[in-house]
Amino acid sequence: MMKLNLALAQINTKLGDVESNLEKHLAYIEQAKAEKSDLLVFPELSLTGYVLQDLVASVARKPVDDDPVFRHLLKASRDLDLVIGFVDEDSRHRFYIASAYLSGGKTLHVHHKVYLPTYGLFDEGRFFAWGDSVRAFDTRFGRVGMLICEDFWHASPPYLLWLDGADIMLFSSASPGRGLNDKEKLESARWVEGVTKAYASMFTSFVAHANRVGYEDGLHFWGGAAAFDPNGEELAHGPYNEEALTFAQLDLNQLRRTRARLPLLRDERTNLAMSELQRILQK
Amino acid sequence: MTDINLTINTDLAREILTGFIKSEITRVGISRAVVGLSGGLDSALSCALAAEALGAENVLAVRMPYKASSQDSLDHAQLLIDQLGVQGKTIEITNMVEPLFKLDPEISKMRMGNIMARERMIVLYDQSEAFKGLVVGTSNKTEILLGYSTLFGDSANALNPIGDLYKTQIRQLARAMNIPAPIIDKPPSADLWEGQTDEKELGFTYEDVDKLLYLLVDQRYSPQEAAEAGFDETFVETVVRRVRRNQFKRTPPPIAKVSNRTIGYDFLYLRDWGT
Chain A
1 MMKLNLALAQ
11 INTKLGDVES
21 NLEKHLAYIE
31 QAKAEKSDLL
41 VFPELSLTGY
51 VLQDLVASVA
61 RKPVDDDPVF
71 RHLLKASRDL
81 DLVIGFVDED
91 SRHRFYIASA
101 YLSGGKTLHV
111 HHKVYLPTYG
121 LFDEGRFFAW
131 GDSVRAFDTR
141 FGRVGMLICE
151 DFWHASPPYL
161 LWLDGADIML
171 FSSASPGRGL
181 NDKEKLESAR
191 WVEGVTKAYA
201 SMFTSFVAHA
211 NRVGYEDGLH
221 FWGGAAAFDP
231 NGEELAHGPY
241 NEEALTFAQL
251 DLNQLRRTRA
261 RLPLLRDERT
271 NLAMSELQRI
281 LQK
Chain B
1001 MTDINLTINT
1011 DLAREILTGF
1021 IKSEITRVGI
1031 SRAVVGLSGG
1041 LDSALSCALA
1051 AEALGAENVL
1061 AVRMPYKASS
1071 QDSLDHAQLL
1081 IDQLGVQGKT
1091 IEITNMVEPL
1101 FKLDPEISKM
1111 RMGNIMARER
1121 MIVLYDQSEA
1131 FKGLVVGTSN
1141 KTEILLGYST
1151 LFGDSANALN
1161 PIGDLYKTQI
1171 RQLARAMNIP
1181 APIIDKPPSA
1191 DLWEGQTDEK
1201 ELGFTYEDVD
1211 KLLYLLVDQR
1221 YSPQEAAEAG
1231 FDETFVETVV
1241 RRVRRNQFKR
1251 TPPPIAKVSN
1261 RTIGYDFLYL
1271 RDWGT
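Taken in order, these protein sequences are the chains called A and B.
Counting in this note's numbering, the first sequence runs from 1 upward without gaps.
Counting in this note's numbering, the second sequence runs from 1001 upward without gaps.
Because the hints were derived from the structure by calculation, they are not lab data.
Just so you know, even glycine gets a beta-carbon here, dropped at the ideal spot from N, CA and C.
Residues of chain B clear of chain A, computed beta-carbon distances all greater than 10 angstroms:
hint	residue
1	VAL1028
2	THR1094
3	LEU1100
4	GLU1106
5	GLY1147
6	LYS1186
7	ASN1246
Per the computed footprint, the stretches of chain A lying under chain B, defined by three or more beta-carbons under 8 angstroms from a beta-carbon of chain B, are:
hint	region
8	10-21
9	48-59
10	177-186
11	206-218
Make the full structure from the sequences, and use the hints.
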């Protein structure tokens, strides 16, 4: 496989109305299918909405065949791979902000958000359990890693995915816009776009980001889906503040060309990082 | 003095705020808005944003003069109604508030001002039902922080698009939206009595206090750091005290907790729950 036709869905959601959000997912899936997409990425908590607070338990799902919502999504994943944002409930009733990667009718991987922002306008740690692993996984397009919003505000999760073999990083967010000043874009948008581009450059990997749009009370989500190639070049950029499906074609051979020129992965001294981390942690 | 830049990208502000009005009104199955138009800048901007968000025909601008209100206020409000093409209505409140004034010959200006502000709230919420539109707020960040408003009066609304913009930023956005110049240029006033102006009453200018509030609130400066940045110490103290003492106007009244689940503490849902 040389080319991956990627689609990024920046959708609005109904807060706590999973059925209605499922309908929207199915409509976007149809649209992406019609455009011959191979993989469609939805934003963080795309099935539920973001500021869930006491709604968390009532919107939680399991990404399995006998779940009445995931049944439809798993079926759809026979035609194209999907990344779905949802609230995952484990067997002991802990609730996680999660992304599921669905392919060929199966759930290939579930990522639980490992950084729950609980400061400023955020209160995730109050309502959700913390994920405790960052793992890459194999797909029909190669090795992939998923992160959710605050996960990639920290440098270590993308770094770990890189070392774990991910050549394609799929980021999803429900990023509330903030920091209006005299610049062309909001501070929050500039920050996220800056780091996603930087990860693509530093890790000589593909990085794609899907962020939701719409409002929840006074919070505004800005959209602006984007995809970058292993040179850090922007492949596609969605509009701001409106629903859209953004398409990007990932030429997977670019990984080889970029890394032949710029062997950052080859030269990465993981043992050095490891020994210094051990020293720092033992202090 | 530290250089403080409150300039905003007005195109972006306009897009976010009109989107907010449209989303928060239409998601509950309503398509219209009601705005109390004083003739001043804040309500002019809210009205213009609502008209852009919903279409002028879906906005009702209500003028609610008292007999002592200035003719300028009425004229300026009409200027805006005509320019935007929104629906207009004038409901004089004199006959509604005078009977209450007359009950107490000793009544103070402050009490009269509060009664007028709350009477206008009653009229607006009545028009809200009659017009089937939500009341769009007109309080800016400066006055919300300073508590320069009447609780359950001019502060009452269903949604507020401009409450995170300082007064000087409101001026900027108003200019970008072509609000008539006389409205932008005149001294801000609650127009509750003749000759009243905000800046006279507050004892400082919006230009100064906006910069100070920006450091204290947005940039998390301590009062001492704000003084070191060049603000007069007494001014800083006055403003810090005002912000603290008016927190009660910014929060719903506290409910005494006795059960395991109490509204406001551990019964937590956004207003947009289910929409």
